[in-house]
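Engineer: Just so you know, the protein sequences line up as chains A and B, in that order. Using our numbering, read the first sequence as starting at 1 and increasing by one per residue. Using our numbering, read the second sequence as starting at 1 and increasing by one per residue.
Please note: incorrect hints may appear among the correct ones.
Said to hold, decoys possible - Below, in silico cross-link-like pairs of lysine-lysine (DSSO-like), each with a Cα-Cα straight-line distance of 30 Å or less:
hint, chain 1, residue 1, chain 2, residue 2
1, B, K18, A, K197
2, B, K54, A, K197
3, B, K54, A, K190
Hint data in this document are derived by calculation from the structure and do not stem from the laboratory.
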Amino acid sequence: MSIYVAQSSKMSVPAAVDEIRQKLGRSDGALLLFFASSSYEPVAISSAFQAAFPHTPTMGCSTSGEIVSGHLSKNSVVAMLIGPDLIEDVCIEVAEDLSAGHSLAAPVQAFERHFGRPVADLDFDHYVGLILVDGLSGAEERLMDELGNATDVAFVGGSAGDDLKFSATHVYANGQAHTNAAVLAVLKPKGPFSIIKTQSFTVLPQTLTATEVDQAHRLVLSFDGQPAVQAYSGALGVPAEAAASQFMVHPMGLVLDAEPFVRSPRAVQDDALAFYCNITEGMQLHLLQSTDIVADTRKAIEDRQAALGRFRGLINFHCILRTLELEQSGRVDDYARVFEDIPTIGFSTYGEQYLGHVNQTSTMLAFV
Amino acid sequence: MAGKIHHMIEEIVNKRAKGNATLMITTKTKLMLKGINPEAFDESTPDDPAVIEKLAGIAHDLGVVVA
Numbered sequence: 001m002s003i004y005v006a007q008s009s010k011m012s013v014p015a016a017v018d019e020i021r022q023k024l025g026r027s028d029g030a031l032l033l034f035f036a037s038s039s040y041e042p043v044a045i046s047s048a049f050q051a052a053f054p055h056t057p058t059m060g061c062s063t064s065g066e067i068v069s070g071h072l073s074k075n076s077v078v079a080m081l082i083g084p085d086l087i088e089d090v091c092i093e094v095a096e097d098l099s100a101g102h103s104l105a106a107p108v109q110a111f112e113r114h115f116g117r118p119v120a121d122l123d124f125d126h127y128v129g130l131i132l133v134d135g136l137s138g139a140e141e142r143l144m145d146e147l148g149n150a151t152d153v154a155f156v157g158g159s160a161g162d163d164l165k166f167s168a169t170h171v172y173a174n175g176q177a178h179t180n181a182a183v184l185a186v187l188k189p190k191g192p193f194s195i196i197k198t199q200s201f202t203v204l205p206q207t208l209t210a211t212e213v214d215q216a217h218r219l220v221l222s223f224d225g226q227p228a229v230q231a232y233s234g235a236l237g238v239p240a241e242a243a244a245s246q247f248m249v250h251p252m253g254l255v256l257d258a259e260p261f262v263r264s265p266r267a268v269q270d271d272a273l274a275f276y277c278n279i280t281e282g283m284q285l286h287l288l289q290s291t292d293i294v295a296d297t298r299k300a301i302e303d304r305q306a307a308l309g310r311f312r313g314l315i316n317f318h319c320i321l322r323t324l325e326l327e328q329s330g331r332v333d334d335y336a337r338v339f340e341d342i343p344t345i346g347f348s349t350y351g352e353q354y355l356g357h358v359n360q361t362s363t364m365l366a367f368v
Numbered sequence: 001m002a003g004k005i006h007h008m009i010e011e012i013v014n015k016r017a018k019g020n021a022t023l024m025i026t027t028k029t030k031l032m033l034k035g036i037n038p039e040a041f042d043e044s045t046p047d048d049p050a051v052i053e054k055l056a057g058i059a060h061d062l063g064v065v066v067a
């Protein structure tokens with residue numbers, strides 16, 4: 001059976017889900033994944049998909065734009081049906097009430113009951129995790145840290161969006177809709193799979209060390225003892241008033257072995273910088289310089305396919321900031337064409353996850 | 001005194017990764033994301049009690065016993 005993908009731009013939930021089901025051509029699979037514009041009523045879209053695929057585990061989230069093979073779209077819904085020939089087993093759990101700071105003990109224990117062993121004993125070459133998080137929760141770092149402590153199984157995913165309204169995002173699991181929550185899934189693919197993390201930046205030599213932070217609000221108050229805005233703009237050689245204009249092209253990053261994990265500034269707040277992720281005190285960040293998203297993404301995919309073989313399917317968690325940059329440069333179609341020959345769905349996220357929480361990145365799960 | 005932080009990092013990575021090259025990379029990445037950049041410390045780095053304490057906590061979180 002393998003992987004089938006479909007998209008609908010019909011505005012009513014019943015019509016959209018029906019069109020998806022018709023295009024997919026079947027109503028049974030090992031997993032149905034869907035990403036839907038926030039214009040679709042959350043409870044309705046999740047329950048409609050579960051009703052249309054009654055014997056298939058379903059999961060998804062709201063978006064700030066959707067991706068399907070060869071197309072980026074808005075105000076639509078995309079879906080991927082993965083067959084039992086590619087996935088042997090899957091367990092989907094929900095972590096609720098993220099703002100209360102509850103641990104992931106309950107979903108982790110559920111995984112352990114399902115797979116019959118501690119998650120610490122799951123072979124990371126044979127299991128992979130998916131995570132979809134309420135994009136307004138600010139909980140991504142805590143969740144990824146807990147998962148990383150508990151298991152070496154890699155979790156890849158994205159933060160749900162709401163079409164840039166920043167009002168309410170939703171995650172979906174087995175017919176239900178949740179906010180202030182995360183959907184976690186552990187998959188046991190039957191064949192090879194691969195995780196790609198691609199971000200289009202070169203690492204600049206300038207570094208800034210966070211010396212005063214407000215972690216709860218994702219604020220850096222000072223770098224190297226200097227007010228954050230002044231330190232950032234000074235490192236770039238621009239006036240402080242121009243700092244915000246540099247964010248897209250010059251975010252910052254934790255760098256390990258020359259690979260950046262991007263930390264994107266979001267706004268100037270007095271003399272502080274607000275980020276789309278947590279910065280802890282003492283973190284040394286490199287300034288980054290943006291490069292070519294289309295060329296870099298194409299190369300990342302071509303290189304991995306050259307090494308592993310043709311992808312049978314791809315899930316793309318693609319930062320909304322990258323989508324905005326592609327829109328500004330008129331290269332949305334160029335980017336979409338990178339995926340035209342691969343059964344692909346994805347969405348524009350409010351953040352991406354792989355080992356941790358990152359920004360201005362695409363994290364992808366490929367089935368080979 | 002110097003070098004203890006570097007040795008602690010090596011011990012955490014080696015014990016968690018158990019010789020697996022992929023896990024060595026992902027464990028180092030997890031350390032970096034936790035606020036300890038493995039590349040920032042070597043044999044000559046002075047022992048910083050705050051960093052040592054942080055690493056002891058990280059080791060506990062990762063289920064690793066360090067000397």
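Engineer: So which of the earlier hints does this model not fit?
Structural biologist: Violated: hint 3 alone.
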